[in-house]
Amino acid sequence: MLDGALLSIDGLSVAYDGSIALNGVSLQIRKGELICVVGANGAGKTSLIRSISGIVRSSSGVVKMNGANITGLPSWEICERGIAQVAEGRQIFGSLSVEENLLLGGSLKRAKAHQLETLEFVYQLFDRLRERRRQLAGTLSGGEQQMLAIGRAIMSKPEIVMFDEPSIGLSPALTDVMFGVVESLHKQGITVLLVEQNVAKSLALSDRGYVLENGSIVLHGSSHELLNNSEIQRAYLGM
Amino acid sequence: MLSLWLNVLASGILLGLVYGLVALGLTIIFGVMRVVNFAHGEMVVFGVYIGYWAVRLCNVPIIVAAAIAAVLMFFFGYLLEASIVKRFVNRPHHYQFIVFIGLSLLFSGVLLVAFGPDPRPTASELSFSTVSLGFVTLDLARLQAAITAGLLIALLGVYLRFSSFGRALRAAADNRLGGLVVGLNIPRVYAVTFGIGAACAGVAGALISPLFDAQPYLAVDFTLLAFVTVIVGGLGSFSGALLGGLVIGVAEAIAALMFTPSLKTALPYALLIIILIFRPRGFFGAKEI
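Protein chains in written order, with numbering that gives the first Met the number 0: chain A, 0 to 238; chain B, 0 to 288.
The hints are simulated quantities; they were obtained by calculation from the structure and are not laboratory data.
A few of these clues could be false.
Examples of chain A residues toward chain B, derived with CB under 7 Å [to be verified]: (1) 74; (2) 84; (3) 95; (4) 99.
Label-pair restraints from in silico Cβ distances [to be verified]: (5) 273/B - 129/A: 41 to 51 Å; (6) 116/B - 19/A: 36 to 46 Å; (7) 134/B - 129/A: 50 to 60 Å.
Here a beta-carbon is modelled for each residue, glycine too, at the ideal position from N, C-alpha and C.
Can you make the complete structure from the sequences, with help from the hints?
Put into C-alpha cells, the structure is as follows:
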C-alpha cells in the first residue's frame, strides 16, 4: 500500500454472466500522479474504469477515495467524490448542443457553484468548443468530440480523471494532440489514471504503469522500468 | 355547408390538441426510458374519474380538477416507476409488454370494482355551453380543454428545452451510459419522467371529463389512440406527438361527418396504415425530445 493514496483499489473483481472480466486488481494512485494501465483489447481496461466509477458492479474488492470506502456506491455519488471519466467511445450527448454537454458535466453539487468559471476554463483550453458551442455535439468531428468528452469531465471539478483509451479512432497527429492535452491537465494538478492500448506513448507520459492481461495486473513499476522491460518490449512495443 | 365543415374542422383541431397531450406523455416515457406504457389509456381514464369526482364532490371548475389530476397522477407515475417499472427498464421488450399489459388490466379491474361499469357523465354546466366566433360555434368545454392542453404542451416544451432537469432528461434520452458517466441520477430522472408522462395523461383525462363519460372501458380506446398518434408523429418525437394528435383529431371529425360516426374510430387506423406505408418512421421519426 502507498501512503496517502488518493485512489486505492484492492482486489477488485468484475464478472459478466459468469465470465470474469477483472480478477483481483489492486492499484494505488497518489495525489498529483499520472499513472497508466496498459493492456490489449479485452484485457479488462474498460471494466476497471466502469467498476471504479460504479457503472458496473464489482463482485469483490474495495475501492477507496481519500481513505473513504466508496465500493458499491451508485455512480452519481462516486462522481460527487471527485472521480470523473472520459469514457470509452466518448459517450457524449449527440442531440444536445456542445454547451449543454459541458453544463451537464458541471451539474454535480461539487461543481455547480463554479459552473460558469469552469466553462470559461474549458473554452480557453479548447477554443474549438467555444466556436461550436451552439452546435449539436453529434455534428463534431471525432477529435472535437474527444475534446468535448474531456471538457465535460473537467466541468465536474474532479480530483482525478480516468481516461479510457482517449486515442482510439484518432489519427496519429490527433493522438499526439490528445496525449498533449492529458499531459497539460496533469501539469495543472489533476491526478490522471490513463488506460491505453498505446503502450509506448502512455508510458512515456506517465510516472508509473500497470500492465493488465486477462483481467489481472501482471506487472507494475515506474514507467522507465517498464519501458526497458524486455517482455514488454517484445509483447507491446514490437522490439 | 362551409360553416359545417369549419365547425367540424375546428372541433377536430381542439380535440386533437388534447390527444397531442396524451400522446406527449407516452412519447416522453418512450423517448427517455425506451419502455412502452400500455397502461397509458388507464392513466387517461384515472384523469377522467378525477375530473368527475372533483366536479361532483367539490364542484370545482375543470381547470382546478385538471390541476388536481396533474399532481395526483405525477405522484402515481413516479411511485409506479420507482416501485415496479424500474425493475423492468433494462429487461427485454417482451418482459416489459407483459408487465404493462398486466398493469393495464389491473388498473381497469380496480376502476371496475370501485366505480362499476356504468358511464358517469360529469355534466358540468360547461358541457352544454357554446361560444360563437363568427363562422364557427365551439363548445366551451372543448375550447377550454384545447387551450389548456395547448398551453401545457408549450410549457412542457419550454421546460424541457431550458430547465436543468429538462437538459438531464434529454441527456438521459440521448445516451443513458453518457448520463451515468457525468453523474446523472438516472433512476430519479426515469421516475420523474414517468411521473410527467402519467401527469400528461391524467390532465388530458380531467380536461375531457365534460366531453366523455367516465367509464373503465374507455381506457383501451385511449391507449390505442395514443399509440396511433405517437406512431403517426414518429416515436419519441415531441413535435410529432402534437402533429399526430392534430391529424388524428381532424381525421376523426371528418370521418364522422363524411361517412358515418361509426367510422369515426376506424379512420385513424386507416390513416396510420397509409402513413406507415409512405413514411415508415412517422412524420418526425427521430430522437428529438
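Against the structure, the hints:
1. Checking residue 74/A against chain B: minimum C-beta separation of about 5 Å stays under 7 Å; hint holds.
2. Among the interface hints, the one on residue 84/A holds; its C-beta lies about 6 Å from the nearest C-beta in chain B, closer than the 7 Å criterion.
3. For residue 95/A, the interface hint holds, the least distance from its beta-carbon to any beta-carbon of chain B being 6 Å, beneath 7 Å.
4. Below 7 Å, beta-carbon pairs count as interface contacts, and residue 99/A has one with chain B at about 6 Å; its hint therefore holds.
5. Here the CB-CB span from residue 273/B to residue 129/A is close to 48 Å, well matched to the stated 41 to 51 Å.
6. Separated by about 57 Å at the C-beta atoms, residue 116/B and residue 19/A break the suggested range of 36 to 46 Å.
7. Distance hint for residue 134/B and residue 129/A: a CB-CB separation of about 53 Å, consistent with the stated range 50 to 60 Å.
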